[in-house]
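Novice: Read off the chains here:
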Amino acid sequence: MSQKACVSCKRISFKERCSVCHNPTSDNWSGFLIIIDPENSDVSKELGIELPGEFALRVR
Amino acid sequence: MEDTQNSIYALKTSAGQERNVARMLAKKAKESGLGLRAVIVPESLKGYVLVESSTKIDMRNPHMRIPHLRGVVESKDKKEGSNIVSFEELKKFLKPEPIISSINKG
Ligand SMILES: [Zn+2]
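Those sequence lines, one after another, are chains Z and H.
In terms of the working numbering, the first sequence has -4 at position 14, counting the first letter as 1, and numbering is strictly consecutive.
Each number in the working numbering corresponds to the 1-based position in the second sequence with 1 added.
Only chain H is shown next, with the shape it has when bound in the complex (with noise of 0.2 Å):
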């Protein structure tokens, strides 16, 4: 497989609108050239979206100032790249273990 350069950066987001905001995220990535690849909204992260880039996520640029984002997850440690979500992490979202498990499927 290919070695790609996009990295898992998580935004905060005003509660409930997740799913707003990712949509909001997804059109402007088609506008405005933003190395978006996917949004990723997890059920169990409130006030949190998580996005797949190619390009450092910068609040400074206008096409991120979208309604209900309030911005990039900093880490507390100011190394570069540091604010970056591993993959490993992100693949826990993706595929979630059932919480209950569907004894009787119909």
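Same shape as in the complex, but just chain Z (with noise of 0.2 Å):
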């Protein structure tokens, strides 16, 4: 089983909806990054991700 990110927020997991905005999730994505501290993370700032976890940077 792959995984798959959220064509919204880009968040990865196996669902077939994303489990925090409740988007379809696509097996179409590359880049990977993630999130330890959204607090003090200047890429979460510049992303608008307020969550920590595990993200694609390209849903298609």
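Hints were generated in silico from the structure; no laboratory data involved.
None of these values were measured; they are calculated from a predicted model.
Heads up, the beta-carbon is just placed ideally off N, CA and C, and yes, glycines get one too.
Under 10 Å between C-beta atoms, here's a sample of chain H residues computed to sit facing chain Z:
no. : residue
1   : Ala23
2   : Arg24
3   : Ala39
4   : Glu53
Two chains, each in its own frame: build the complex with the hints.
Specialist: Structure, rendered in structure tokens:
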């Protein structure tokens, strides 16, 4: 079973729908990002990510 | 927006192990109090991961002993902070341009 990424927030999971924003997920994703400390991360701020976790950089 | 003290460092990894190293780093960050904020693995950078950190990356730190993590990329000139990747540089990897423009959006 392969990992999928949310088409909206790009969060990576094994689910058909994102558990955070409930949008569909896609198999077609690339790039990889782990947000550890969203409150203190410039990357989080740049991408508008508020919760920690694993994300794709691009989802189609 | 408030100023932060975070810097971006490039770390060298074995080819194909980028995501595994990223996951190990994230795990260590929680255990050890390393100042890691985020780990970025751009598809186009084979053999590297980028880390956003509030502390200088020191490979002598025992928590940095991670399989397939080979070292921090050092700049040729030895100036303090010269091995730091600029945030502007990083942005190119955060918002990659699509390789093929999707004409037939289904
Ligand atoms: Zn989502």
